[in-house]
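Which chain is which? The protein sequence lines are A and B, in order.
Using my numbering, read the first sequence as starting at 2 and increasing by one per residue.
Using my numbering, read the second sequence as starting at 2 and increasing by one per residue.
Just to be clear, a hint being listed does not mean it is correct.
The list makes no distinction among identical chains, and a pair is therefore deemed to hold if it is satisfied within one copy or across any two copies.
To be verified - Here are the simulated lysine-lysine pairs, DSS-like style, with alpha carbons at most 25 Å apart:
no.: 1; residue 1: Lys-109; residue 2: Lys-143
no.: 2; residue 1: Lys-253; residue 2: Lys-205
no.: 3; residue 1: Lys-53; residue 2: Lys-9
no.: 4; residue 1: Lys-91; residue 2: Lys-109
The set of hints was computed from the structure by calculation and includes no laboratory data.
Number of protein chains: 2
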Amino acid sequence: MKLSKDKKILIAGLGLMGGSYAEALTACGFEVGAVARRQETIDYALKQGIIKHGTSVIDPEYIGQFDIVIFAMYPHAFVEWIENNQQYIKSGAVISDVTGVKCSIIYKIQAMLRPDLEYIGAHPMAGRECSGVENARMEIFKGANYIVTPTDRNTPEAIELCKDLGRVMGFRMIAELTPEKHDEMIGFLSQLAHCIAVSLMVCKDSHHLVDYTGDSFRDLTRIAKINDEMWSELFLLNRDVLVEQMDLFSEKFALMRDSIANGDRETIRQMMRLSTERRKYFDVKQEDDES
Amino acid sequence: MKLSKDKKILIAGLGLMGGSYAEALTACGFEVGAVARRQETIDYALKQGIIKHGTSVIDPEYIGQFDIVIFAMYPHAFVEWIENNQQYIKSGAVISDVTGVKCSIIYKIQAMLRPDLEYIGAHPMAGRECSGVENARMEIFKGANYIVTPTDRNTPEAIELCKDLGRVMGFRMIAELTPEKHDEMIGFLSQLAHCIAVSLMVCKDSHHLVDYTGDSFRDLTRIAKINDEMWSELFLLNRDVLVEQMDLFSEKFALMRDSIANGDRETIRQMMRLSTERRKYFDVKQEDDES
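One chain only, chain A, in its complex shape (with noise of 0.2 Å):
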């Protein structure tokens, strides 16, 4: 299947992510229907004009007209709607998501999936410090990165055809991982970096520090404000790889705390010419990218 106007889409879940999906999509100029979980969610995107139309039931016959169908929900939740509703969707769909983690989630669907559907994982690196679809916005996706997980089990038409979805949607970056690879990605760059935020937040009542507060703690904590439904389920779906990393983490920090307390400066020194020089290369790609 190519990606074509004459494809309809069918967005399952309508919060931030599937309502800015929903948005994108519409105004490529595809005819996109959405389900989710409360009749509000849909009338709200109608009168939005980011959906054609849309249901809060379980209808078969509405499930069954779309070529494409991208979850948007809760991991644990597009598991369910797959064990539960996959006898309605039409034969030769493809299917995509948008979830975080990849491993424990493409390998169970794709066990259990009919024959005649295909799955094709996808994580789309954007977001906002909100959620809902009252907050959606396509804009979210611009200067985003759009990463597809392909296993032996796709074929290269599905790969290209979520690609292709990706860079309709306006995403800066479209980039192939294996489900592994990205999950160690994401467990290095994104997760820990999110339980490091978390633990430097609650380790002190730091209130009365306020208005001593500078920009370092401010950048270190700007993602401690966090959902902790959707990323608690996240964590735990990459248990493992996470805590490899944040043994990794825990190891030098563990190392920079005894050379301060031993007053070994040669190594704090080390450790910081290491952090300087690895750093620069960020500072490189993100000019490369403004300019």
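Here the structure of chain A is known, so what remains is to put chain B in place on it, guided by the hints.
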């Protein structure tokens, strides 16, 4: 002594911070002189018009003309300078500094200082990710905090004079803390944050991940580019307090790690809810400041 335009001010050490002080105080109409290690530094500052005169040699007569002397050099160099040259300072002069840690410096200096001189500690919480007089800019003080750290050896007049210096240079907030409270605050808000950033940056070669890096990792590692000579000295001068802050963080980080490893979702969520709650205060404050 009151701060008035007839007071002559000497900046001892003319790097990023000393140069920015010189620029700000010259712009206020003070007669500002400087001592620096290298004559090129003095020549540059004269050419830029941020000092009226200066020297790279120890000249008793030159030093003896100033009413206020502000030290903006490495902490150990500040202590050495006082040991070797305090006899040249004018009787009745007030001495201040810009050192980022206080207890380990203040009590040492005050204990050895001539009885006819008064040293009042200050910490301008401003800076740039670069160094040297060429990068000095008085604009770095705008919106920044200026902390005065008196002890029971200080007079109300010198404390007020020191605060006035911060006011005329354009700092956003002038605050007063004991050296002990200052060091705990800076150990938690700034030094701990830098230890975390450096440890995160060195714990894994993340060069190949640059393309996937979103804001969270960049935010957490922005301060991982660090002047290793200066910061290792400051860490070690605040050793006990900093190690205490690091242990507070490690304890919570270990709790997060074990909760993830054990699938204890409720503990993870509790930590996230607390961090979300606490982080809000820092947003509110920032919004207040911006309005």
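Verification of the hints:
1. Lys-109 with Lys-143: neither (31 Å within a copy, 55 Å between copies)
2. Lys-253 with Lys-205: Cα proximity of Lys-253 and Lys-205: in one copy and across copies (22 Å, 10 Å).
3. Lys-53 with Lys-9: within (10 Å within a copy, 75 Å between copies)
4. Lys-91 with Lys-109: within (20 Å within a copy, 79 Å between copies)
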